[in-house]
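Visitor: Single-letter residue listing:
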Amino acid sequence: MRGKTLLWVGSVLSVLGALPAVAADHDVSVTIYANDLALVQDHRSINVTGGRQRIEFQNVSGKIRPETVSLAADGLTIVEQNFDFDLLTPAKLMEKAVGQEVTIVRVTPGTGAETREKALVLATNGGVVLKIGERIEVLRDDGLPVRVIFDKVPDNLRARPTLSVTVNSAHGGTRPATLSYLTPGLGWRADYVALFSEADSKIDVQGWVTLTNSSGTTYDDAKTLLVAGSPSNLSGNNSWAVRRPRPTLAEAGTESGTRERLGDFYLYPIAERTTIANLQTKQVSFLDVHGVPAEHGYEYRNVWLGTSETPQSAKSVYRFSTSAKAGLGDQLPAGILRFYMRDKRGDPQFIGENQIDHTPMGSIISLSTGDAFDVKVQPTVLKRTSLGDFAWRTEMRYSLTNALPKSVQVAVLQGGLWGDTTISAESQKSTRRSADVAEWLVTVPANGKIDLTATFMTRY
Amino acid sequence: MRRSLALMLGFVPLGAAAADVAVQREGALAVTIYRAPSRSSEGIDLDDLGGFALVSETRTVSIPEGESRIRFEGVADGIESASAIITGLPGDVLEKNRDARLLSPGALVAATLGRSVMLVRTNRKTGKQTRLPAKILSDAEGGVMFETSEGIEALRCSGLAETFSFITNTDLAATPTLSALVRSPTATTVKVTLSYLAHGFDWTANYVATLSPDSKSMDLGAWVTLANGNGVTFPSAQTQVVAGRINHESGDVQPLDMGEPILATCWPMGTTSDPVEEPVIPRASPFGDSDSNATAFQEVLVTAQRRSYEAVMPIAMSAAQLVQEEQLGDLKLYRVPEHTTLTSRQIKQVRLLDRRDVPVELFYGADLEANQSVESTAAERTLRTKNDAAHHLGLPLPSGRVATFATRKDSTLLLDEVPLRDVAVDEDVEIGVGSSADVQVSAVRETTKVSPRRAVDPPLLRGVLRFSSAVVDDVSRVEIHNASRSAIRFELRLRLDEGTQLIGAEPTPMSRDGRPLFKVVVPGQGSAVIRYRTEHTSVKAIHIPL
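Taken in sequence, the protein lines are chains H and Y.
If you read the first sequence in my numbering, its first letter stands for residue 1, the second for the next number, and so on.
If you read the second sequence in my numbering, its first letter stands for residue 1, the second for the next number, and so on.
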C-alpha cells in the first residue's frame, strides 16, 4: 500500500510540473483608492518556451476587471487574453463527457466487491444515460452504488475563474513579468478616535486607516499604498452614488502638508509589507495628536415656518482645526470620527460620531455628535398676517431652555428666507450666514430660559 | 502513512509566521448601552435591536519577544471592528485585523483546494474503512471534484459513504476574530484594555404611573430595560446606559463569510421511474434541515418578549436599588449600582426611579381645526405636571413609554400607555390617559359672511391673470357636555389656517405655542360653550381670455 501511494504522489508532482508556468517567487503591490477600487501589480517570474503558448494566472482577484489586465514581460507578444468563468462541477464534467468513454465501477453492497466496465455517455438530460457494450442503461437507476471515473478534465473547466494569456515568445527561458489590473472589492477609509476633555476643552485624536478586502483573494506580503481621493470610475460600480455634501467643513484650509502626493491625491503608504487576507478588515495607524484645542457649542436649525409644540433638542457641535498651528496638522482622508469623553470615574465613554470628507490641512471642521439632552429650542410661529395682496408679516418666537448648571451659547439658524425677505424687528441682532439663512448667537443662562423673537417681512 | 505524505509534499500550516497568542477574557468588564437612534417608543425586540454598546475589557497578555499576533477571543458578535481601541500593548502595534472568514466545512474544502486530503470510504454493511490519498480539484457551485490514482471522481455521487479526512491546519476561527500584530522588544506580561462598539444592544425606559383615587397626585416608578441580543455573555460587568440621541453611522457594512456546508452537488440523477421534471437537489440550510429547529428558535423569541411586557405591570415594589445618574457631555449616563452579568440574548431590568405623591393636574382637552364642524367626540384626558423639585421630580427623564394605572379598591386598572420624549429638568410633562366618554365635545360653524369681491391685478401678469379677493367672516361654537358628577377643567386648542385671524371670542383665550387656547371649567352634569369669530381673505385666480 505504501509503495503504491508514493508512486502515485510522484505522478501528481509530475502533473503539477507540466501545468503552465506559475512561479512561486511573486511580489504583489496593491494601490487602493477610497472608492472601492484597487490597482494590483503582480510581479512574478515566468518560465516560457519559445513560440506560441498559454500562460495561466491563478490567485488573481475574484472580482478582476479583465478588460484592464495588462501583462508586461521581455520578448513576449500578447495574442489574446481570456478570463474563463466555466467552472469545474460534477454536472459540467458529465455534460462535457457526452460522446466519450468513462469507467464505471459497480460496488456490491455488503461485500464491497467491485466490477469495472467502460461506458459511453449518451446524454445527461435529467439523468445520465450510458451505453455499456450493446446495452443502454440509466446511471444508478436501481439506486445501487456506482462510481464514475473520468480520465481527464477538459482544459477550460477550472475550480475558480481564471485569467489566461496567450503569448508569442521570441525565445524560451525564465524572465520577470508584471501583471497589472484594476479590481473592485478592496477599499479603505479612515477611522478617527477623538477623546474630548471638557475641563480644558482639548481633544486627543488618533487616526487609523481601515482596509477591507472582499475581493475573494488573499494578497500575501503585499506592498500596500493607499490613495486618498476617488478617481472617476466608469465601471458602473459607483456611478449611481451621488456625492452628498456634508456640512462638516466649516472653512476649507489652504495649507500643504509633507505627505506624498500624486497629482491631487494624497498617498498613505503602509510602512511594512502586509498580508491582506480575504474578508479581512485591517487597521494601520497614521495619526496621533494630543491636546488640540476644540470648541463645544450648540446649534439649532429651523425650517421656514417651522413650528413645534414640544421643545426640540439643539445639536451638540464640536469645532476644531486641522491647521499645523493649534490643530491636527494633517490633511484628513474621508472617514468616520468618533468622539469619546471621560465619565466621572475616568472611563472613556462614546458620545457620538460623524462622517468627514477628504479635508485639506488648515481647515476648520464642525461636527455634530447628536442631540443635547438639556439644551432645547422651541420655535413658534406666533402670528402670520397678510399685508395687502402679496406680502406677509411673520412673527416668530424661539424659546431656548438650558437645564445645565452653566450658561451655554446656541446658534439659532432660521433658513428659507427666499427672495428679499427682511427682518423688521428682532430681540437681538442677527447676522446673515447667506441670503437665505439668518443666525443669532444666543447665550442662555445656567438653568435658565430666554426668548428670541423676530419679525420677517416676505413678498412674492 | 498520513505523516509521510505531509512530509513528502513539504506541507506547512497556513497560519501566519508571527507567534500566535490567544487571549481569554478576564478582569474588569464594562458595557455602556446606547439607544437605537431611530426607535421612537415601541418595545424592544430581541431579534432586531437597533441600539449599540461600548464594551471595554481588560485582559492580561504574555507577549513573547519579536513579532506576535494577539488574538482577542470572546468579543461580541456585533463588533464594529473599525471602532476597536487597544491600549497598553508594548512596542509597536503594526496593525489590527478582523478576520471574517470562518471555519466551516465549505471553508475547509476551499482552503484545501489543490492540496492533498485523505478520501475515506466506509462499507455501510461491514463498517470497514478504506483510505486513499486524493487531491481536491474543484469546489465550484457546491459540487466537489477530486482526483485519486484511479482517475477523477465527484464526491458522494456514487452512492457510497465517502468523505474527506483533512490533513491541513487552517488558521480559520469559529467566530470573527480581532487581532493585533505587535512587535515587542522583550518578552513581557502586560494588562491590555480593549474597547469597541458593537451592535445588537438596546435599552428603553418603562415608566409606571399610578394615579391616586382623587386624581390629584401620582406615584411614578420607572425601569431601565436593557437588552443584549449578542451570543456572548458579559459576566460581572459594570453596566451603564446613555440617554439622548447621538449620531451613529450604522451603515458600516462588514464582510462576513458564515461558511457553507459541503453540498456535494452531482450531475442530473433522474431515473426511469421519476416524473419528467427537473430534479431538485436538496440544499442543507445553515440551521439544520429539520423544521423543528426553526420552531424552537421562534419559541425562544416569544418567551423573551413576554418578559418585556411583564415589565409594565404595577407590582408593589420593595425598595430597589436605583441607577445613578451623571452628566456625560450633553448626554445623561445611568450607572447600574452593582456589577451585573449580562448574559447572551437577555433582557434585564434595573430600577431608574421611584417618586411618590407627584402632584398632577388632570384636565380634559380637544384640539380642533378652526371653523370645522365636529360631531360629538370624547375629550382626551391628560395629566400635567412639571419636572421640578416642587413636583417631587426634578431629574432628567429619558424617553420611553408610560403606562398609567388607576387604583380601584384593591385592584389596579390600566388607563393608557403612551410614549414619552426626553424630558429635561424644569420642563412640563404631559401624559395622555385615554379619552372619556363622559365628556363630549362638538363644534359647529354658525354663520359665514363674505364681503363683496374686489379685483386685483398682479404686477407681472397684468392682462393675463386677475385675482379676485374677498374677506370671509366666520362664527363658530364649541359645546362641551360633562356627564360626570364633578366639575372638570377643559382646554380647547384651535388650529388656525395661515392668514386666518381670531377677531373675537367668548371666553377670552390665551395664547400658547402661537395658537389660541381656551380654558373653561365645566360644572358637574353641566355644559359650557365657547364661541369665536375669525376673518380671512379668500383669493381666486381668474384667467383673462386673450
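Since the hints were made in silico from the structure, they are not lab data.
Mixed in with the good hints there might be a few duds.
Within a straight-line C-alpha distance of at most 20 Å, the following computed SDA-like cross-link-like pairs (lysine to any residue) qualify [claimed, not checked]:
id	chain 1	residue 1	chain 2	residue 2
1	H	383	Y	110
2	Y	386	H	399
3	H	118	Y	472
4	H	406	Y	338
5	Y	386	Y	430
6	Y	125	Y	160
7	Y	128	H	107
8	H	131	H	109
9	H	449	Y	472
10	H	118	Y	338
11	H	449	H	381
12	H	63	H	143
13	H	152	Y	338
14	H	344	Y	496
15	Y	540	H	387
16	H	383	Y	338
17	H	344	Y	325
18	Y	125	H	201
19	H	223	H	71
20	H	223	Y	93
21	H	383	Y	370
22	H	202	Y	327
23	H	406	Y	353
24	H	383	Y	327
25	H	63	H	145
26	H	63	Y	510
27	H	449	Y	390
28	H	131	Y	93
It should be emphasised that the depicted structure is a prediction, and the values quoted were computed from it without experimental measurement.
Visitor: Next, verify each hint and record whether it holds.
Guide: We went through each hint and held it up to the structure:
Proximity of residue 383 of chain H to residue 110 of chain Y is assessed by CA-CA distance (about 71 Å); at most 20 Å being required, the pair is judged violated. At most 20 Å may separate the alpha-carbon atoms for a hinted pair to count; residue 386 of chain Y and residue 399 of chain H meet this at roughly 17 Å. Taking the CA atoms of residue 118 of chain H and residue 472 of chain Y, the gap is near 101 Å; set against the 20 Å cutoff, the hint is violated. As the CA atoms of residue 406 of chain H and residue 338 of chain Y are separated by approximately 31 Å, the hinted pair breaks the 20 Å bound.
A C-alpha spacing of about 8 Å is found between residue 386 of chain Y and residue 430 of chain Y, which places the hinted pair at or below 20 Å, so the restraint holds. At roughly 11 Å between alpha-carbon atoms, residue 125 of chain Y and residue 160 of chain Y fall within 20 Å of each other, so this suggested pair holds. Restraint check for residue 128 of chain Y and residue 107 of chain H: the C-alpha separation of about 14 Å stays at or below 20 Å, so the hint holds. For the given pair, residue 131 of chain H sits about 23 Å from residue 109 of chain H by alpha-carbon distance, which is inconsistent with the 20 Å threshold.
Using a Cα cut-off of 20 Å, the hinted pair residue 449 of chain H and residue 472 of chain Y is violated, with the two alpha carbons roughly 39 Å apart. For the suggested pair residue 118 of chain H and residue 338 of chain Y, the alpha carbons sit about 77 Å apart, so the restraint of at most 20 Å is broken. Distance hint between residue 449 of chain H and residue 381 of chain H is fulfilled; the C-alpha atoms sit about 18 Å from each other, no more than 20 Å. Restraint check: the Cα-Cα separation between residue 63 of chain H and residue 143 of chain H comes to about 41 Å, which exceeds 20 Å; the hinted pair is violated.
With a C-alpha separation of about 69 Å, the suggested pair residue 152 of chain H and residue 338 of chain Y falls outside the 20 Å cut-off, and the hint is violated. A C-alpha spacing of about 49 Å is found between residue 344 of chain H and residue 496 of chain Y, which places the hinted pair above 20 Å, so the restraint is violated. This hinted pair checks out: residue 540 of chain Y and residue 387 of chain H have alpha carbons roughly 17 Å apart, not beyond 20 Å. Using a Cα cut-off of 20 Å, the hinted pair residue 383 of chain H and residue 338 of chain Y is violated, with the two alpha carbons roughly 53 Å apart.
Taken as a hint, the residue 344 of chain H and residue 325 of chain Y pair is honoured in the structure, with Cα atoms around 10 Å apart against an allowance of 20 Å. Restraint check for residue 125 of chain Y and residue 201 of chain H: the C-alpha separation of about 79 Å exceeds 20 Å, so the hint is violated. About 19 Å separates the Cα atoms of residue 223 of chain H and residue 71 of chain H, which keeps this hinted pair within 20 Å; it holds. A C-alpha spacing of about 18 Å is found between residue 223 of chain H and residue 93 of chain Y, which places the hinted pair at or below 20 Å, so the restraint holds.
A C-alpha spacing of about 15 Å is found between residue 383 of chain H and residue 370 of chain Y, which places the hinted pair at or below 20 Å, so the restraint holds. Proposed proximity of residue 202 of chain H and residue 327 of chain Y is supported: the alpha carbons are some 18 Å apart, at most 20 Å. A hinted pair counts as satisfied when its Cα atoms are at most 20 Å apart, and residue 406 of chain H with residue 353 of chain Y does not qualify at roughly 25 Å. Using a Cα cut-off of 20 Å, the hinted pair residue 383 of chain H and residue 327 of chain Y is violated, with the two alpha carbons roughly 38 Å apart.
The hinted pair formed by residue 63 of chain H and residue 145 of chain H fails the criterion: a straight-line CA distance of about 39 Å is larger than 20 Å. A threshold of 20 Å between alpha carbons decides the hint, and for residue 63 of chain H with residue 510 of chain Y the separation of about 69 Å lies outside it, so the pair is violated. Between residue 449 of chain H and residue 390 of chain Y, the direct Cα distance comes to roughly 18 Å. Compliance with the 20 Å bound is thereby established for this hinted pair. Annotation: proposed proximity of residue 131 of chain H to residue 93 of chain Y is violated, straight-line Cα distance about 66 Å (limit 20 Å).
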